[in-house]
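Asks: Sequence:
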Amino acid sequence: MKSKKMKFVIGGILIGISIGSYFLFFPSSKNDEPKYNAFTLETLDPLLLKGEVKATQTEDVFYDQTLGNIAAIPVKHEQEVKNGDVLLNYQNSEAQNRADQQQRTVNKSNLSAQQAAQNLNRAQTRYNEAQASLNQSRSQFEHEIDPEKKEELKGKVEQQKTEVTSINNEVIQAQQALDLAYTEVNDEAAALESEQGKISSSVNASMDGVAMVNEAGKKSLEVPLIQVLSKTKQIKGTVTEYDLNKLEIGQEVSVTSIGSSERAQGKISSINQLPKSKGNSDSEIPTYEFIVDGNFSWAYGSSVQVSLEQPQLTLPKKAVVTKDKKTFVYVYKNGRATKTDVKIIEKNGGISVASGVSKGEKIISNPDEALTNDAEVQVIEND
Numbered sequence: 001m002k003s004k005k006m007k008f009v010i011g012g013i014l015i016g017i018s019i020g021s022y023f024l025f026f027p028s029s030k031n032d033e034p035k036y037n038a039f040t041l042e043t044l045d046p047l048l049l050k051g052e053v054k055a056t057q058t059e060d061v062f063y064d065q066t067l068g069n070i071a072a073i074p075v076k077h078e079q080e081v082k083n084g085d086v087l088l089n090y091q092n093s094e095a096q097n098r099a100d101q102q103q104r105t106v107n108k109s110n111l112s113a114q115q116a117a118q119n120l121n122r123a124q125t126r127y128n129e130a131q132a133s134l135n136q137s138r139s140q141f142e143h144e145i146d147p148e149k150k151e152e153l154k155g156k157v158e159q160q161k162t163e164v165t166s167i168n169n170e171v172i173q174a175q176q177a178l179d180l181a182y183t184e185v186n187d188e189a190a191a192l193e194s195e196q197g198k199i200s201s202s203v204n205a206s207m208d209g210v211a212m213v214n215e216a217g218k219k220s221l222e223v224p225l226i227q228v229l230s231k232t233k234q235i236k237g238t239v240t241e242y243d244l245n246k247l248e249i250g251q252e253v254s255v256t257s258i259g260s261s262e263r264a265q266g267k268i269s270s271i272n273q274l275p276k277s278k279g280n281s282d283s284e285i286p287t288y289e290f291i292v293d294g295n296f297s298w299a300y301g302s303s304v305q306v307s308l309e310q311p312q313l314t315l316p317k318k319a320v321v322t323k324d325k326k327t328f329v330y331v332y333k334n335g336r337a338t339k340t341d342v343k344i345i346e347k348n349g350g351i352s353v354a355s356g357v358s359k360g361e362k363i364i365s366n367p368d369e370a371l372t373n374d375a376e377v378q379v380i381e382n383d
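For the sequence shown, the UniProt record's numbering assigns the number 1 to the initial residue and increments by one for each residue that follows.
To be clear, the hints were calculated from the coordinates, so they are not data collected in a lab. Note that the coordinates shown come from a computational prediction; the quantities given were computed from them, not determined experimentally. A couple of the hints might just be wrong.
What the hints assert, rightly or not - Simulated restraints on C-beta separations:
#, residue 1, residue 2, range
1, L221, T43, 48 to 54 Å
2, L274, A189, 48 to 54 Å
3, I249, K76, 37 to 43 Å
4, E94, Q265, 53 to 59 Å
5, A191, A117, 19 to 25 Å
6, S93, L180, 56 to 62 Å
7, L47, K333, 26 to 32 Å
8, L274, A71, 40 to 46 Å
9, N295, A375, 43 to 49 Å
10, Q101, S201, 56 to 62 Å
As the list claims (entries may be wrong) - Computed cross-link-like contacts, DSSO-like style, restricted to lysine-lysine with a CA-CA straight-line distance of at most 27 Å:
#, residue 1, residue 2
11, K233, K50
12, K343, K323
13, K246, K231
Even glycine gets a Cβ: it sits at the ideal position worked out from N, Cα and C.
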């Protein structure tokens, strides 16, 4: 019995030694699990945006019914035009009718002016004759010696003076009537010239370019009948509100034609700070228009892709530690974590590297208080 108990004791000791040896030489796998994550510091992928080839300048010519009916369109679709070239001819039948009527009014005014001129000539002739008779009577009065005849001549002179004054007033009135007639003639002639100018009219190009003719513009006043597009082109792109802050005026971009895969360089020249209309939908993400200038040979309206390089190195907030007024990260290399001072730029909720670490270095993304400089660590790399 005693021998049995001894065997149980010895057996228990051996089992205990075996279990202890297992934990000594084979530690718990839970302690072996890495507690830190690391990622390779890389630049962001290029930002890809949609765009369309547009003319840098556009002149829209709409059908203007007030000018009459379209008589002719002297330009053909996609024809090159110069500043001043005729794009559209109008013929206005209503203006023609008004001009014919106005011509009759002018003729009548001319006749009235002729009659007024004749009246003035007759009055002037009568005045000259009366003045001559008055001068003659005055001369006779001055040379007459006989008192009775002299008195008689005096009365005649006074009578003739009254007649001259009356006729002179007629001359003045005739002159005023003639002036008024000439004024009416000039006014009516100006009105005639104005109406004649409306009978046929033309619309001229105000710039050099390519004329695009759209026959639908003859039926719709909201559709340009002719568009003159400048030969120089630009890209009109759109960007959502999420990426708007990544664009800057003067920023260089690469533009690729969707149709031909050809590529050209350009620069952002303007960014509209007001969003495009979303129509009746409030669920759409607001988008903004921007313009890219460059040497683009693709057809108007072609679809393109605008690529913006994003050379900045970004860090997650959890990877950056701020302590004792210093900012640093832990760089993982050869199994160790190296505390590295960095300068960062915080913008629009993101963190970019200004200096301290470089592209390709591995950064621990979840440092904690237990992590120290030059500590030996195991990490899970999330590349």
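Asks: Of the numbered hints stated earlier in the document, which are not met by this structure?
Replies: Numbers 6, 9, 10, 13 - these are the hints that the structure violates, sorted from lowest upward.
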